[in-house]
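Since chain L is already given, all that's left is putting chain V on it; use the hints.
Protein chains: 2
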Amino acid sequence: MATKTADFRDWARVQQSRTESVLHRVLPGAEIAPRRLHQAMRYAVLGGGKRVRPLLAFAAGEIAGADPARVEIAAAAVEIVHAYSLVHDDLPCMDDDVLRRGKPTCHVEYDEPTALLVGDSLQALAFQLLAEYRLADDPAAQLEMVRLLATASGSRGMAGGQAIDLASVGKALSLPELEFMHIHKTGALIRAAVVMGARCGNSLDQAQLDRLDHFAKCIGLAFQVVDDVLDGEASTVTLGKTAGKDAEQNKPTYVSVLGVPAARDMASDLRDDALEALGNFGPRAERLCQLADFIVLRKF
Amino acid sequence: MATKTADFRDWARVQQSRTESVLHRVLPGAEIAPRRLHQAMRYAVLGGGKRVRPLLAFAAGEIAGADPARVEIAAAAVEIVHAYSLVHDDLPCMDDDVLRRGKPTCHVEYDEPTALLVGDSLQALAFQLLAEYRLADDPAAQLEMVRLLATASGSRGMAGGQAIDLASVGKALSLPELEFMHIHKTGALIRAAVVMGARCGNSLDQAQLDRLDHFAKCIGLAFQVVDDVLDGEASTVTLGKTAGKDAEQNKPTYVSVLGVPAARDMASDLRDDALEALGNFGPRAERLCQLADFIVLRKF
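Residue numbers (the working numbering), protein chains in the order written: chain L, 5 to 304; chain V, 5 to 304.
The shape of chain L in the complex, shown without the other chains (with noise of 0.2 Å):
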């Protein structure tokens, strides 16, 4: 169990490595005019942040058999994509929030049009990249890429349920309306990287995505349950972002809804329910499987 605990941390370093050198390559250049946005689109998406959704995109593309430097690009769109939103949920007249992955938020270390034009910017950029390289063998398949990143990340998406995460502040939410809003606030996102990483590859039906789909949709609530818990516990130093924050501004979360032991258990229950839709992939899906248990168990 430790040896695959360390051989699970060695993949995960090497695919985030991977991840971030991928960044690098794609952002414009900071050389590049205009300089200053180019310079401030580099601060916001590089050197920093888990990778969760490269990793689950890279873990996916496995299971498909996909080549990983087509993985690499759709990973790389999609965590442009995360980044952009941190960065506009970080803007005063959304979250007012200074701290980020340990550093000054977008809108501080630049200011605040900057930020707003990063964020922008990033959108357009990861969808150029889906369409820029070659990342599957029939061009249709990759207009579908395009479709899932977009409907994840719009109105019937992440930016859905950003916008029903602000109408809910101050208000108790049921378990059902929580749930609502995250399946498209944090879920959709990572629903896309998993199933973009698949469709990377040629050797999945459509049986078989949607088993991937629902381990995502469990995994992607899981992840958010975590987090609220992490929220409510931890420091601002341990989380790199301004701990305590959901609570200060009347959020509802999981912990505010459930409290943390009755959060702690419907995160175990929902990777039970993830880990049981790998259930026919075999060896494959190790890595999905591992994921799943990083994601409940992290501590940060």
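Just so you know, the hints here were simulated from the structure itself, not pulled from any lab data. Quick caveat: nothing in here was measured; it's all calculated off a predicted structure. Yeah, the Cβ is synthetic: ideal placement off N, Cα and C, and Gly gets one too. Please note that the accuracy of each hint is not assured.
[Said to hold, decoys possible] Chain L is faced by these chain V residues, among others (derived, beta-carbon under 10 Å):
{"no.": "1", "residue": "Gln166"}
{"no.": "2", "residue": "Leu170"}
{"no.": "3", "residue": "Gly174"}
Positioned in the frame of chain L, the structure of chain V alone reads:
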């Protein structure tokens, strides 16, 4: 001549109404959750604007013998990106504008966080449309449209031009610097509209697409020069947006650099250049020629 003008107006009215109806159809319904976000998206896009980019896409589509049912989706995607950029440009941290197309701006009618998410969601929707509908016989050609729109919207296109614009406030720009800014800020999307419209058909070779792109580059600049002249001259009521804003914010414009008479001359020269690029297309290019005149001679 009077008949030709009347005929062009009729054509433009038909395309504008077609644009309105496709936008109405592809925007998420106001009754779909999250409702406030979807209402605000519809508010920001529907019922206003000259729809210059869709008109250009339709006219370019005519040259390429493209099916208008395909062109209208490409046109909608470009117009939706344009609409998102207006919503973000109007935000307090950017131009802080309260009036747009004769109505309160999105953040005034709704609120700032909603306007931010409206822009983000509209951008995602534009790419979703390019992936969801069949726009070309060859899916690879459709991926090329995704690439075109992403490049035109991002840091080396529209958003980059906006960043250069921000950095230039209070500075005396040279004519080439001003041109560089506008080629990005408004030019990139206008070029994308023309080339994407043409790419919905199959009949043009690369040299012809390049000539259309040159036409669009000239007409995009002319559009901005005329905008600056009108902004300097017109009243808020005629313009439907706050007039004299650029001068007030000490932004360099073609009028501040050249003065009104030379700016008018420049627009007229650009029109001549644009029309020359269309020389070999013959009567199929009639609508694009008329649009060039419309853009240069418009009074609002």
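We went through each hint and held it up to the structure:
With a least beta-carbon distance of about 6 Å to chain L, the hint placing Gln166 (chain V) at the interface is held under the 10 Å criterion. Interface restraint check for Leu170 (chain V): the shortest CB-CB distance to chain L comes to about 5 Å, inside 10 Å, so the restraint holds. At its closest, the beta carbon of Gly174 (chain V) sits 14 Å from a beta carbon of chain L; the interface hint therefore is violated under the 10 Å criterion.
Hint 3 from the list above is the single one not met by this structure.
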